[in-house]
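As a plain string of letters, each chain reads:
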Amino acid sequence: QVQLQQSGAELVKPGSSVKISCKASGYTFTSYDMHWIKQQPGNGLEWIGWIYPGNGNTKYNQKFNGKATLTADKSSSTAYMQLSSLTSEDSAVYFCAREGGITPFDYWGQGVMVTVSS
Amino acid sequence: DIVMTQAPLSVSVTPGESASISCRSSKSLLHSNGITYVYWYLQKPGKSPQLLIYRMSNLASGVPDRFSGSGSETDFTLKISRVEAEDVGIYYCGQLLENPWTFGGGTKLELK
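So the protein lines, in turn, are chains A and B. Take 1 as the starting number for the first sequence in the working numbering and just add one per residue. Take 1001 as the starting number for the second sequence in the working numbering and just add one per residue.
It should be emphasised that the hints constitute simulated quantities derived from the structure, not laboratory data. The reader is advised that the hints may include incorrect statements.
As the list claims (entries may be wrong) - Which residues of chain A face chain B? A few of them, derived with a C-beta cut under 8 Å, are:
#1 N57
#2 N61
#3 F95
#4 D106
#5 G109
#6 G111
To be verified - Lysine-lysine pairs mimicking BS3-like chemistry, simulated, CA-CA at most 27 Å apart:
#7 B:K1027 to A:K59
#8 B:K1047 to A:K19
#9 B:K1079 to A:K23
#10 A:K19 to A:K63
#11 B:K1027 to A:K63
#12 B:K1112 to B:K1079
#13 A:K67 to B:K1079
#14 A:K13 to A:K74
#15 A:K63 to B:K1047
#16 A:K63 to A:K13
#17 A:K13 to A:K23
In this text, a Cβ means the ideal position worked out from N, Cα and C, and glycines have one as well.
Bound-form chain B, shown alone (with noise of 0.2 Å):
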């Protein structure tokens, strides 16, 4: 199975800064087709997930757009610009690539 490892566990941060939460493929998730199938989605508390980000870089509708994801092959970030109090939950970052599809492991965004 391809394992999904994500950094920080948890980042607290100032409402108006940024923040950048890492994420980490053991395999590429570059496909022959040029698309690189990783993902990332926000679990707000109490909620069910929702999703941000799909194939690296595209923000989903009706997602700010202070949210942007980028990488290359294994490596890949998510930047939320301009934190504010509706950003706090866990985020996680998703390969679907490969069956099984897996998850990371999530990071927990806090406010300061």
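Okay, chain A solo, but in the shape it has when bound (with noise of 0.2 Å):
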């Protein structure tokens, strides 16, 4: 069955970076594009981008451009995020999601809770 699994809590400092991970498992991993989605408490939905792990194709929201970067390593079916020169605006819970074609965000992973504080 389909398995996102997604790294542990975070608590990073102020102006830091950190890179959190998404491993999939039961389908393969490079023929669908995986998307990131972020969560701030008690807030709705934002969406960050995807990646297609087959060949790396990156699209991102505007919004997050230079604040998320991702990529994918096909040898261990994982994607990756990385969000640099973190503030408390970026305390939030982040999801990965893969996109399941006609069925957009079929499976999710449970979410990292990054918490951004001195």
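Two chains, each in its own frame: build the complex with the hints.
Below, the structure is given as structure tokens:
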């Protein structure tokens, strides 16, 4: 069965960077886009961007250009998102979600809570 | 960016009754290919969102047929008939027509 297993919670300092992971299993990792979505406490969902692990192509929400960098490792079926120059506004839960073709975001990771605090 | 506006912010429903959630987009979500790119997701308490409805009116795999989606080019409705305890959570509509993909602010469904 399809599973997306994300890395653990992060507590990071303002101005630093963090890299979170999303390990996929149960399907052909290189055949589906992987999306990343941000959810701030008590807030809705904000789409960050996607990566196609087959060739590394990416597409970003312009708002996250320079903030988020998406990569993927085909050998380990793992997608990564690095967030840089962190501020309190980056404190949120970050989800990875598979692009299921006609059924987008058909599978989600459990989410990673990133807390930016000194 | 396309703005998705949901109403109401919250709804309280007696189990067994029906509930409707509205979503309005700031731009038509009807593509020239005839597909309307609006989706509905449910986030149960403490869980990740799950897909309910895709392309306005299609039920996702494993979703009970108590859920249905309908609408026009800019106005959409999610209807839940015979609400059950497992339906509690926050419902989001989303548009996947244009970058950036955007979501509504969510509607919280509670039981009376």
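Hint by hint, here is what the structure shows:
1. N57: violated, 13 Å
2. N61: N61 (chain A) check passes; min Cβ-Cβ to chain B is 4 Å, inside 8 Å.
3. F95: holds, 6 Å
4. D106: holds, 5 Å
5. G109: holds, 7 Å
6. G111: holds, 6 Å
7. B:K1027 to A:K59: Between K1027 (chain B) and K59 (chain A) the Cα gap is close to 22 Å, so the pair holds against 27 Å.
8. B:K1047 to A:K19: Given that 27 Å is the threshold and the Cα spacing comes to 22 Å, the pair holds.
9. B:K1079 to A:K23: violated, 34 Å
10. A:K19 to A:K63: holds, 18 Å
11. B:K1027 to A:K63: holds, 20 Å
12. B:K1112 to B:K1079: Holds, because 18 Å separates the two Cα atoms, which is no more than 27 Å.
13. A:K67 to B:K1079: Given pair K67 (chain A), K1079 (chain B) is violated - Cα atoms ~38 Å apart, limit 27 Å.
14. A:K13 to A:K74: Answer violated: K13 (chain A) to K74 (chain A) is near 30 Å, above 27 Å.
15. A:K63 to B:K1047: It holds: about 26 Å lies between the C-alpha atoms, which stays within 27 Å.
16. A:K63 to A:K13: Holds: K63 (chain A) and K13 (chain A) sit about 22 Å apart, inside 27 Å.
17. A:K13 to A:K23: Roughly 25 Å between the alpha carbons, so the hint for K13 (chain A) and K23 (chain A) holds.
The structure fails to meet hints 1, 9, 13, 14 from the earlier list, while all remaining hints are met.
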